[in-house]
Amino acid sequence: MSRKHRPRKLFKLKKQEGSGVGAPPGLLITDPLSPAPVIRAIAYKGDELFEGDITDLGQIPELLKKYDMTWIDVRGLGDAEIIQNIGEIFCLHKLALEDVLSKYQRPKVEDYENYIFCIVRSTHKVNIIGTEQLNVFFSSKFVVTFLDSGGEELEPVRERIRTKSGKIRQLGADFIAYSIVDAAIDSFYPVFEDLGEDLEDIETEIIEHPGPRNISHLHNVKRELLEFRRAVWPLKEALNRLLRSEVPIVSSYTTVYLRDSIDHTIQLIDLIEYYREVCSDLMGVYLSSISNRTNEVMKVLTIIATIFIPLTFLAGVYGMNFNTDAGRWSMPELNSPIGYPVFWSICIMIGVGLLLTFKKFGWMGGFGKLK
Amino acid sequence: MSRKHRPRKLFKLKKQEGSGVGAPPGLLITDPLSPAPVIRAIAYKGDELFEGDITDLGQIPELLKKYDMTWIDVRGLGDAEIIQNIGEIFCLHKLALEDVLSKYQRPKVEDYENYIFCIVRSTHKVNIIGTEQLNVFFSSKFVVTFLDSGGEELEPVRERIRTKSGKIRQLGADFIAYSIVDAAIDSFYPVFEDLGEDLEDIETEIIEHPGPRNISHLHNVKRELLEFRRAVWPLKEALNRLLRSEVPIVSSYTTVYLRDSIDHTIQLIDLIEYYREVCSDLMGVYLSSISNRTNEVMKVLTIIATIFIPLTFLAGVYGMNFNTDAGRWSMPELNSPIGYPVFWSICIMIGVGLLLTFKKFGWMGGFGKLK
Amino acid sequence: MSRKHRPRKLFKLKKQEGSGVGAPPGLLITDPLSPAPVIRAIAYKGDELFEGDITDLGQIPELLKKYDMTWIDVRGLGDAEIIQNIGEIFCLHKLALEDVLSKYQRPKVEDYENYIFCIVRSTHKVNIIGTEQLNVFFSSKFVVTFLDSGGEELEPVRERIRTKSGKIRQLGADFIAYSIVDAAIDSFYPVFEDLGEDLEDIETEIIEHPGPRNISHLHNVKRELLEFRRAVWPLKEALNRLLRSEVPIVSSYTTVYLRDSIDHTIQLIDLIEYYREVCSDLMGVYLSSISNRTNEVMKVLTIIATIFIPLTFLAGVYGMNFNTDAGRWSMPELNSPIGYPVFWSICIMIGVGLLLTFKKFGWMGGFGKLK
Amino acid sequence: MSRKHRPRKLFKLKKQEGSGVGAPPGLLITDPLSPAPVIRAIAYKGDELFEGDITDLGQIPELLKKYDMTWIDVRGLGDAEIIQNIGEIFCLHKLALEDVLSKYQRPKVEDYENYIFCIVRSTHKVNIIGTEQLNVFFSSKFVVTFLDSGGEELEPVRERIRTKSGKIRQLGADFIAYSIVDAAIDSFYPVFEDLGEDLEDIETEIIEHPGPRNISHLHNVKRELLEFRRAVWPLKEALNRLLRSEVPIVSSYTTVYLRDSIDHTIQLIDLIEYYREVCSDLMGVYLSSISNRTNEVMKVLTIIATIFIPLTFLAGVYGMNFNTDAGRWSMPELNSPIGYPVFWSICIMIGVGLLLTFKKFGWMGGFGKLK
Amino acid sequence: MSRKHRPRKLFKLKKQEGSGVGAPPGLLITDPLSPAPVIRAIAYKGDELFEGDITDLGQIPELLKKYDMTWIDVRGLGDAEIIQNIGEIFCLHKLALEDVLSKYQRPKVEDYENYIFCIVRSTHKVNIIGTEQLNVFFSSKFVVTFLDSGGEELEPVRERIRTKSGKIRQLGADFIAYSIVDAAIDSFYPVFEDLGEDLEDIETEIIEHPGPRNISHLHNVKRELLEFRRAVWPLKEALNRLLRSEVPIVSSYTTVYLRDSIDHTIQLIDLIEYYREVCSDLMGVYLSSISNRTNEVMKVLTIIATIFIPLTFLAGVYGMNFNTDAGRWSMPELNSPIGYPVFWSICIMIGVGLLLTFKKFGWMGGFGKLK
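From first to last, the protein sequence lines are chains B, V, L, F and W.
With our numbering applied, the first sequence covers 454 to 824.
With our numbering applied, the second sequence covers 454 to 824.
With our numbering applied, the third sequence covers 454 to 824.
With our numbering applied, the fourth sequence covers 454 to 824.
With our numbering applied, the fifth sequence covers 454 to 824.
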């Protein structure tokens, strides 16, 4: 399963290449690996709907004039100039655009009077696990989203806008922005379901066939949970602050829905903490099962060695070559007709005696379960 | 005991099937496994009492008109349409109804001006452990509860309403709602008593006969405690917020009782934390007892091997076939009349010497306790 | 020592038998094991002092009329009716009386306008460790205390009231109530001194003669500390809330003393946390000492086996019965006159060589300390 | 080093002997081990300076009248009467004096309108580690300090007062009190430097020669850190509260300096937490190094035993006395001229083969590092 | 790699030598190891730019008069007098200068009405890891920085001032101060990237070739993270307090940028906590892998010993010298023609039987992975 791969993406914190230590704040530098931007627009006013790709940035002010709500969706952050131009059209702050390009920001909500800037993180089931940064700027009239890659989670939102009958078109840009944020939050649900199943598998294995692979699986799950926690935890606080600040851009209608999003975020955080505790508990179960097995292996060795080492000594004694003719006390057993049977009797007595002792120690049970 | 089964229910967080990523918020989708709804009504006005099943939703407005207090109890969440219709009768918010259907919500209290929406979780002693979601909507005139299954804990409340003489009928819908919430909280008490007994059993076993099964029992108890913590912890905060907000729906009479419920919730949380600490302490006791046993097994092996390995070597030496005729120094012991007795003397001396050394090391005590 | 017994009392949370799930709140149900109530009264007005047992509840209102301060001390909670009657005389809330009877409440302070209801927990050095619930109701004119058992800690308070010269009689019921609460807090001090001595003993043993009994002692101490934490922790918060709320029942004179009680509570909490950290540190020391010992035992075994197993093989070789007449290379050593001395020389060389190697490994030191 | 001794002082919480459970609050009872009080006074008014021992308490009011600032320094708490008399001269609250005598109080600051009462704890490099209680009462005109023993840290403060040119004499009693508190805080610095060096030593040893003594050293350091945490942690909160309350006794000039003291306290707390984390990390390093060593010892044993046990068996086989004349298949090898050389060849092949296998397992490296 | 060295710098908390316990606060004492100060000035007013070293402190007031913004950068804290003189020129508080010289202060921001005093800590990739104290005083007209060593991170700021076209010269001293603080924060980024890579290397090694060196690497990373946490954590709080206090020195323009710095600080803290959790998780993975290996080594030993010890005993039996002529039961096997083949058959049967048993135990798999 691809989900077993280690999440590497967020491991290192990288400032943009080139924006070295002490670079002027607000300088836009793109990651050379980012794809070139593709700008998709969707706009509506009552029944009128526009949807299409933007190739000339000059189209945007027209859309803003003509429609009640315009959503500019920029995919690919590979061209600093285009992003800066879009920023100028919507009067976005340079520091916010710098955050957009850095791609490893924590979720946050910033209120810039004329517009609100949200960073949320989303995830995808198909790819190697990790989270993607989804940047949302919105005012009462427009929504601008920036994504470097991914973004499949936004398709249903776009679909709902397309549907004429849907209620969403009667609502403002703030509701569209909420829908986008909510879609990003929702993108964690199926991944968490998978994580839950992984944990159940690991639990079953640890209880039934503990082995070193359990630990690396657990380790991967823990790493993913750490990633997800960093992606979800700050969002709760950020959305809460947005709600409390009562900015006029967010209508009271949307507020109720935002509260629902916070609820979902809390639920995710709750589940992350739950999974983390299950993980650390499973680690304990695993360690104790290894200790147990070492103990059982020891017992097998000790039983065998304790029984046969004395017997081997005894056999060794009667394999000695002392000359039986040398004297009366020189190994007279060897010439006794009952010497050999007596030797075996003693061996059996010692063996049985030790086995009974071990049984009394409780060492003899449960070997069938050794793994 | 059925209580030993692993609680699986809350393990995975599932949004409703079909309400995939990005589905419009407030869409009601039912779990195909949920039973069809059965609607039970109980209503009173002074001495007058109505109790019966509702088959036609049109009856509900009549009940509301005729009686002071109407409690609609919906069991089974398998039909989205019926639930939506009930929601419309009582003007319940779509997002709240969505929460009702998702079945894995955290406890919470939401104040929707005209009514209050509570989610609490209850548990049952008989079944596989886990918690069930109990959804309560109430205003000053009605209580509406939604349950997917279970709900035995509500029977005593209904019984108290039936009893003519009981004080409860003089009180409003808020007190009925309180009684329902309190019954859900009370449902944890007998389960916690059982958990306490389980923990005592595990403790006794770990101290007297530690074994791998202890760990899986402990693991199960921990998992249950995690479930219960998720089910109880948020309730305290939610009820506190309700109290502080001083909504007019909740009378000051009921407020005193609600404070008592918060006390019970705190007591449960307290106990969960206590049990969790006992669990982790027992884990430590278990691990140290395994380490101890491994140490004891090692000692047995070491004592036996340390004594007999040198002796076996000695016996091996005198079993060598060096030709005693080959020279003066070629195993003259073999032909000495005292060779054999001296051999045994040396063996006994070595054995006794080593035993005394081990005794000095303190290794010889306590083998009777090995398990 | 009786202190070594496991504290079981608070382990299980029990609602009263009979007050099953969903029982009406405020119903008074007594524990069948509780003794019948004995009611002791002490009252004063200036120099006048009354002290005696109350057999007829009708006496109480007379005392209240006649004296400035009346303290009704109810020992034994075995009769719900009497308790209810006392509650009615002093107008105590039913939910508060329910708490009195449940016996496993957390410490709390509740302000019921006309009186204040405190639950504190006390402990006793003599008995099996655990804590007892001490219920105190007080207004400006009366103090009512309910105890199921114990209560020796209240004797000095009563003694101080008896002493004519003492300042206490000039003070109101609030000061008496404070004195009672303070006596309950003080009852932990000698028990904590004992706990501290136990911990020192365990520490000395773990460092000098570690063994499995240390763990069960530590486990017991931890369990007691958990009990005590539950008994003391909430009190700090409760008393603080009382202080801040500035209820008129508590005079400013008493306030200074109450602050002192909070200080004592904080000191106890502080000490509990300190002891708990010492416990978990000792657990670590114990586990590392076991690991160490296992390591030392291993070394002994490895040294002996590593030296003698190769030698035994060599002796075995020369005990083989290859026919020396069969050919030139067929064990010519056996017939060599220096064969046997050379064999011993090789053995000694191997043994000494291995010993020196082990010495280089640092394995040879410190065996005298093995335990 | 004396610093290696275990700190015992604060281990047990002792109320004064005699002030048993329920003793009246505010009763002054001295510890019989405390020395008799020696009262040293220092007072100034502009250039005028008085310094000397007080033998007659009647001198104190005179000093207060004559000088602007009087510092009464009481060393030794062995006489309750004298302390009570001093308390009466300065109108100190009985509960505060009780705290002075109990000697095991947490640091705190209490504002008694006319004066402020501080408890701080100081430490000394020379003695067995532990902390001493330093009680400071101060108003705008006087400072009274009570110490049971120690107090060397106050000498520099006294010295600065003596120096005519120093700025300190222009400042009020609040600055003197600040200087005393600051000196107590400063007394931890050299001890912490030593602790840091101890930790470095332990770290070096654990990494280079891990052994059981490391653990007891670590344990001692942890115990000391626990002591110091209890002595420093509450001070930060107490001083902060003093600053915020803006009592008129503390001038704004002193306030700046007090803030500096809080900074120092935070720095100490910071360092305690840092050291504690280093301790627990070192514990982990130690435990893993023991596990490693056990593993290495095991490997040595396993390699030796695995190679020689099969060879010994083989040698045993050819030491058997089956009669070679009994039949064709009865040990014909013994009479073969190449039997013996073939035996050795097989032995060497088995030995080398196993060694290579172990090498493939990676078991053969790093034995030089065994300790 | 130099990064593998242990960070020692902050390990010990040192007050300046000479400023012993109780030294008067505000006394300036220099560290004898500090270099002599070099004073670099940069000042501008519109297009006019001055840059140069200051040798005569009298130049500074002139610069202040002539230019809008003057930045005095003092490198090397080896001369108390010069620092005191600079302090007097800018009216800096003595306690602040004492903090400058102590070099081991926590980051903080202090508001002294006419100027603000910040302590931040920076780090450098090239040197042995540790953090350096960067002291910044700024008002609306000047910035004064004190550094003992390092300071390369400030070069880009100076460079930006030099660039005529840059926006920075239009901005006040508060923005320069922000730029300096931001540069110090940015100095952690490349070091954290390296730390991330180190952690990845350690992770790969622990999973593929676990060994004791992993632990000392992990230990070093943990120590560095502890250092960094102490250097970064307090900064967040300090900057937040600065923002909230709304001092007039900091313009609203700079405020937006400061908020961005706080964001960066939070990101660093976030990452430190993330790395710490990864560290402790890796520790767990390492310990479990050692336990596993010990278990595997045990199995090898047990399999070999369990198979061959009984066989060796059997071979020993038939090596005994009982006289076959002594009687009918005296080792008749030795003279049987099928004795020897039967012996081998039994040996093979025992061996194969035990191997199959071990296979059933699941012991035979995965030896190829032993390390």
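No wet-lab data here; the hints were simulated from the structure.
Among the clues, some could well be false.
Since the list can't tell identical chains apart, any single copy or any two copies may satisfy a pair.
Calculated cross-link-like contacts (lysine-lysine; reagent style DSS-like; alpha-carbon spacing at most 30 Å) [stated by the list, open to error]:
| hint | residue 1 | residue 2 |
| --- | --- | --- |
| 1 | K675 | K617 |
| 2 | K498 | K813 |
| 3 | K617 | K547 |
| 4 | K675 | K561 |
| 5 | K620 | K547 |
| 6 | K561 | K547 |
| 7 | K561 | K620 |
| 8 | K812 | K675 |
Compare the structure with the hints numbered earlier in the document and write down the numbers of the violated ones, lowest to highest. 1, 2, 8
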